[in-house]
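**Q** Model the full structure from these sequences, guided by the hints.
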Amino acid sequence: MKPWIDVDPVTFEPMRIQAVTHHLSDHPLLRLGSLVDLAKRLVPIGAARFHSGAVGAETSFVDAPTRHPVGRPPAEILADIENSNAWFSLHNIQVDEVYRRFVGEVLDSVRPIVEARDPGMHFRAGWIFVSSPGAVTPYHLDHEHNFILQIRGTKVVHVFDPLDLEIVTQEALERFHGAGSRELVTYRPELEARGHAFHVRPGVGAYMPSNAPHWVKNDDNVSITVSFTWFSRETRRRRALFQLNHALRARGLSPRPVGANPLLDEAAARGYETWLRTRHRLDRLRGRPFHDIDVPFATNPPGSEYGTA
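Just add 273 to wherever you are in the sequence shown, counting from 1, and you've got this note's numbering.
If you're looking for bench data, these hints aren't it; they were derived computationally from the structure.
By construction, the Cβ of each residue, glycine as well, lies at the ideal position given by its N, Cα and C atoms.
Treat each hint with caution, since some may be false.
Cross-link-like lysine to aspartate or glutamate pairs, in silico, EDC-like; alpha carbons within 16 Å at most [stated by the list, open to error]:
| # | residue 1 | residue 2 |
| --- | --- | --- |
| 1 | 313 | 349 |
| 2 | 490 | 331 |
| 3 | 313 | 353 |
| 4 | 313 | 370 |
| 5 | 275 | 381 |
Simulated DEER-style distance windows between Cβ atoms [stated by the list, open to error]:
| # | residue 1 | residue 2 | range |
| --- | --- | --- | --- |
| 6 | 274 | 329 | 37 to 43 Å |
| 7 | 393 | 522 | 24 to 30 Å |
| 8 | 520 | 475 | 43 to 49 Å |
| 9 | 527 | 464 | 33 to 39 Å |
| 10 | 559 | 537 | 29 to 35 Å |
| 11 | 477 | 520 | 38 to 44 Å |
| 12 | 521 | 459 | 22 to 28 Å |
| 13 | 427 | 274 | 26 to 32 Å |
| 14 | 370 | 470 | 46 to 52 Å |
**A** Here it is as structure tokens:
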């Protein structure tokens with residue numbers, strides 16, 4: 274199978290931000306008409322999110338839909354996106370049978386290259402973003418690794434190193450993974466020069482690692498962007514460590530930062546994940562709702578009501 278995304282097996286590193294190219298710009302499932310049809314299936318189940326395009330990088334990503342509403346019905350926003358002054362996200366497109374096959378096909382095509390450096394691709398998902406001329410996606414971060422690929426129009430994607438603790442602190446990551454809070458993930462314009470600015474166009478995109486803060490600004494055109502996301506064994510391990518630290522800190526303890534002691538990290542992650550699996554089994558037996566990410570496709574991933582670009 275020829276990869277849909279061009280990933281250099283020599284230079285690919287799972288925690289390194291990098292540019293990519295792809296072959297999806299003319300895919301029929303990503304044309305605006307197809308997306309209007311998809312929205313008719315996803316909006317009724319809550320798998321869509323939208324807000325005014327007149328926001329800034331510093332706007333709260335979480336609160337944007339309520340604080341900056343569009344004031345038009347979802348179908349009308351998308352069909353008239355050129356004049357809607359809106360940012361529109363179709364998220365978890367893999368819940369739709371047709372797009373589930375699409376997400377699987379695209380990620381399967383690059384899986385051998387990705388897993389050679391970062392084994393255990395699972396919890397795969399797709400996100401489609403349609404936005405008006407000049408629209409902005411506020412600064413935020415996401416749990417998953419992400420190929421963000423431009424389909425129509427041009428935009429600038431600003432991405433920051435997830436390992437730079439001045440840009441995103443340990444406490445911010447602990448709250449994000451442990452409580453689902455982006456409260457401490459705030460845009461600081463004085464750090465803009467430390468980011469990567471990708472000027473993407475159809476056929477061009479970027480790879481963003483888990484936890485990489487980013488914001489996006491459309492050029493003066495309608496933009497269609499697709500993201501393919503997943504967890505690996507390592508992203509799941511790091512997520513468990515941040516969750517554990519958050520729980521310990523909530524009990525008044527001062528845990529070591531993630532990464533300070535790799536041997537202790539490994540032992541702690543194994544122990545915490547074992548406890549989580551045991552809790553999930555008990556919840557299943559008791560008929561209680563539980564969240565399992567150890568599945569091929571995401572059903573309700575962390576942060577699933579949000580998105581990337």
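**Q** Next, verify each hint and record whether it holds.
**A** Hint check:
no., hint, result
1, 313 <-> 349, "holds (11 Å)"
2, 490 <-> 331, "holds (12 Å)"
3, 313 <-> 353, "holds (15 Å)"
4, 313 <-> 370, "holds (14 Å)"
5, 275 <-> 381, "holds (10 Å)"
6, 274 <-> 329: 37 to 43 Å, "holds (41 Å)"
7, 393 <-> 522: 24 to 30 Å, "holds (28 Å)"
8, 520 <-> 475: 43 to 49 Å, "holds (44 Å)"
9, 527 <-> 464: 33 to 39 Å, "violated (26 Å)"
10, 559 <-> 537: 29 to 35 Å, "holds (33 Å)"
11, 477 <-> 520: 38 to 44 Å, "holds (41 Å)"
12, 521 <-> 459: 22 to 28 Å, "holds (24 Å)"
13, 427 <-> 274: 26 to 32 Å, "holds (29 Å)"
14, 370 <-> 470: 46 to 52 Å, "violated (37 Å)"
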